[in-house]
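These protein sequence lines map, in sequence, to chains B and E. For the first sequence, position 14 (counting from the first letter as 1) is numbered 14 according to our numbering, and the numbering increases by one without interruption. For the second sequence, position 21 (counting from the first letter as 1) is numbered 1021 according to our numbering, and the numbering increases by one without interruption.
If you are wondering where the hints come from, they were derived from the structure by calculation, not from laboratory data. Even for Gly, the Cβ is constructed at its ideal location relative to N, Cα and C. Among these hints, one or two may not hold up.
[Said to hold, decoys possible] Distance condition first, Cα-Cα at most 20 Å in a straight line; then the derived PhoX-like pairs of lysine-lysine:
id: 1; chain 1: E; residue 1: K1581; chain 2: E; residue 2: K1028
id: 2; chain 1: E; residue 1: K1423; chain 2: B; residue 2: K210
id: 3; chain 1: E; residue 1: K1416; chain 2: B; residue 2: K178
id: 4; chain 1: E; residue 1: K1329; chain 2: E; residue 2: K1287
id: 5; chain 1: B; residue 1: K165; chain 2: E; residue 2: K1416
id: 6; chain 1: B; residue 1: K165; chain 2: E; residue 2: K1423
[To be verified] These stretches of chain B come out as covered by chain E in the derived footprint (C-beta under 8 Å, 3 or more residues):
id: 7; segment: 30-41
id: 8; segment: 203-217
id: 9; segment: 226-240
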Amino acid sequence: MHRIISSKSSRRVLLTSATAFVLVGTTLARARTLSGGLPWDVGTATPPVVVRPGPWMFFSADEAAVIEAAVDRLIPPDSRGPGGKDAGCAVFIDRQLAGPYGRAEGLYTRPPFMPGAATQGYQLSDSPAARYRTGLRALADYVKSNFAGKSFSGLAPGDQDTVLKGLESGSIVLKDIKSGEFFALLLANTQEGFFADPIYGGNRDMASWKLIGFPGARYDYRDWVERHNEAYPLPPVSIMGRSDWTVRE
Amino acid sequence: MARKLPAKDVVIIGLGWTGSILAYELAKTGLNVVAIERGPWRDTATDFPPAYAQDELRYAVRLDLFLRPGQQTLTFRNNASQTAMPIRSFSGFLPGNGVGGAGIHWNGQTWRFLPTDFQLRSHLEQRYGKDALPADMTIQDWPVSYDELEPYYDRFEKLCGTSGKAGNIRGQKQAGGNPFEGWRSSEYPTPPLKQGLGAMLFAEAARKTGHSPFPQPASNLSEAYVNPLGVKLGQCTYCGFCERFGCGNYAKASPQTCVLPALLRFPNFSAQTESEVTKINLDSTGKRATGVTYVDTSGEEWEQPADIVLMCAFSFFNVQLMLLSGIGKPYDPQTGQGVVGRNYAYQTTSSVSVILKDKILNPFIATGAHGMIIDDYNGDNFDHTGLGFVGGGYMGFGQTGARPIQTRPVPNGTPKWGAEWKKATAETYQRACSLATHASSYSYKDCYLDLDPTYKDRFGRPLLRMTFDFHDNELKMSAFLTDRLADIAKAMDPVEIVASPRKGPYDSTIYQTTHNTGGTVMGTDPVTSVLNRYCQSWDVHNVFVPGGASVFPQNHGYNPTDTVGALAYWTADAIRERYLKSPGPLV
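Chain B extracted, bound-state conformation:
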């Protein structure tokens, strides 16, 4: 017998995967009193929200074209497997920016905002979503004025690499955003998308896990711990399974 005083349903229903349990300034979560036994109710788990295919949710078409071109230079397609674009890295970043990560939910966002030392961490007020908006606008302006009116996605791969290297080193100066910081954010998010579970829209068909030999959400390696120097034989599996586990129509 257990009893839960006060609302118990609101948290489970409203809480989604990456959402902070307490969103500052909101009262989605409810305080509760637990007594008399472990609380557990059927159907109250908090599974991740699986990214669905479909139109861009954060990027404009022009922005998306730049991101798709950039992620394919950061992780180029080759004989080992697909690049960032075909692996879905741009989709991953789009969905992340449209969600709680993009909005900087749960972070400390109170003023004053002052410049700090590098050891003190990021101190500006803009969310990741805002940093992409600003960075992509500034990048578009830079490419337009330095490459005869072209857009980043219209550049030859070698020129794209030159621009990306200029951002990385800070030798290209962007308006309203530090180019090195913007590049670091783009690279980090691209690699997150490439290596995260496919449920988030990147790492399509577990391309990156096949590339390096990571078996994914395999859960039980008890039989293999002491089989030293032997390659693990099973292919990777995602939280949502594998495509060959599904009956094809």
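Assemble chain E onto chain B, guided by the hints.
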């Protein structure tokens, strides 16, 4: 105006390891106990079941189970000449939140401190002379000895079912265990975990170079185990998702898997979640606490009267709450006077990355705390004469799972992106490993915690301010330890090694550990400690900080949880056997 609730015998602030142990021990005696937890209720089936526990992005990168800085954070600066800035997103260390606290997402490394660690200052002064210690180093002896604490270490390890091999049972050396450890009253509750190739290669190289490797003590269990509370834990499956994750398999010791099922059966215990204590209330004399005030998620303020107040929050937040409640004299780094916030310390870690040739390491087959370790360079296990530093740490192979967003080794000099990076990433993953040192962080006059003058939390209370940097003693120690580790790595027949000793300044954006210690130090003298030897406030006798890492006078070369758990049991016994019979100062 706070609404007043019916009085309880005991109010516990925070329901992690120490809160759940104290709640169980005191509810068992029949006392009415309420625990108030700022985070949510969490359980395996709901929050991290095997169906989706292995989600690196959600848990390890977006930090789903951790404290949100928007709810509570602190400010940081390296030294008093800087302006402290708020930690807007946690990355350098990751405080827990919610029922279970950091006990949910720890790695399970379960180490005892060395007997000499408990007499640190007197031992070092006796062996090396008073002049051997830097003038601004504020280390001090613990007010308890290893011998006194041994039965409590034993109890916590039996609660967890810790897997390992003893090196010293009642003074008898045991083959295969840690030859440097303090005596144990019994063998570990469960045998050591199995080891992968990387750990065995390290152990072989360590033996070849004259060291004594042994399996790391782990609370990720090698076999199913029923603990003394009657709660059953499962066998670890080596899935490689411990650190930053909840265990979907009931195989990692946590309040959820070890205490809560038994605790919640007591009709005289209740937990109030998603409710944050804002203040400990004192009576007009200031020498007795009357209870706490907390705020629930609707913003409603409640007063919970109680005869005993137990501060069981994560270390920082015990310090903050004490300062905000006016308990104990705040520390002043100028004069060295005052105690609350004094002796903040951390951990000094470093690494040696190793790339082998023609090896298949399967680095994803892992637990949070398996691996082979040497303790030859910890504490005062080696002669420091002429080395120019004191302290030390353990080192070895303890890779916790090569989850690929965060673990993708490449040879030194590889570009960070592009075709070369992709090729190197693919070719290196299976044959690279990281060795680590995990060493002490002694306390100093200028490393401390106080209240920030500018930044406020969501209730308008000042944030805690951390002022911390590494000192020469620790940097020299890290250089020495990392060199020793690199020597062993060279004996592993590597293609490449890269040694990365710890360098200053301390960078709050680079994850090192969440072993943040001190600020409400326990000691024998109220001039240099906040708590007496029973973790009882010198100033307010019905307030205890039962063993959280904020009570450590300095930090030693081991992970803190075993000592935290032992001190929790130590305090529970003192309250049960002494304080309840005669409420008042125990010293």
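Evaluation of the provided hints:
no., hint, in the structure
1, E:K1581 <-> E:K1028, "16 Å, holds"
2, E:K1423 <-> B:K210, "13 Å, holds"
3, E:K1416 <-> B:K178, "19 Å, holds"
4, E:K1329 <-> E:K1287, "13 Å, holds"
5, B:K165 <-> E:K1416, "10 Å, holds"
6, B:K165 <-> E:K1423, "19 Å, holds"
7, 30-41, "holds (count 11)"
8, 203-217, "holds (count 9)"
9, 226-240, "holds (count 7)"
Of the numbered hints stated above, none is contradicted by the structure.
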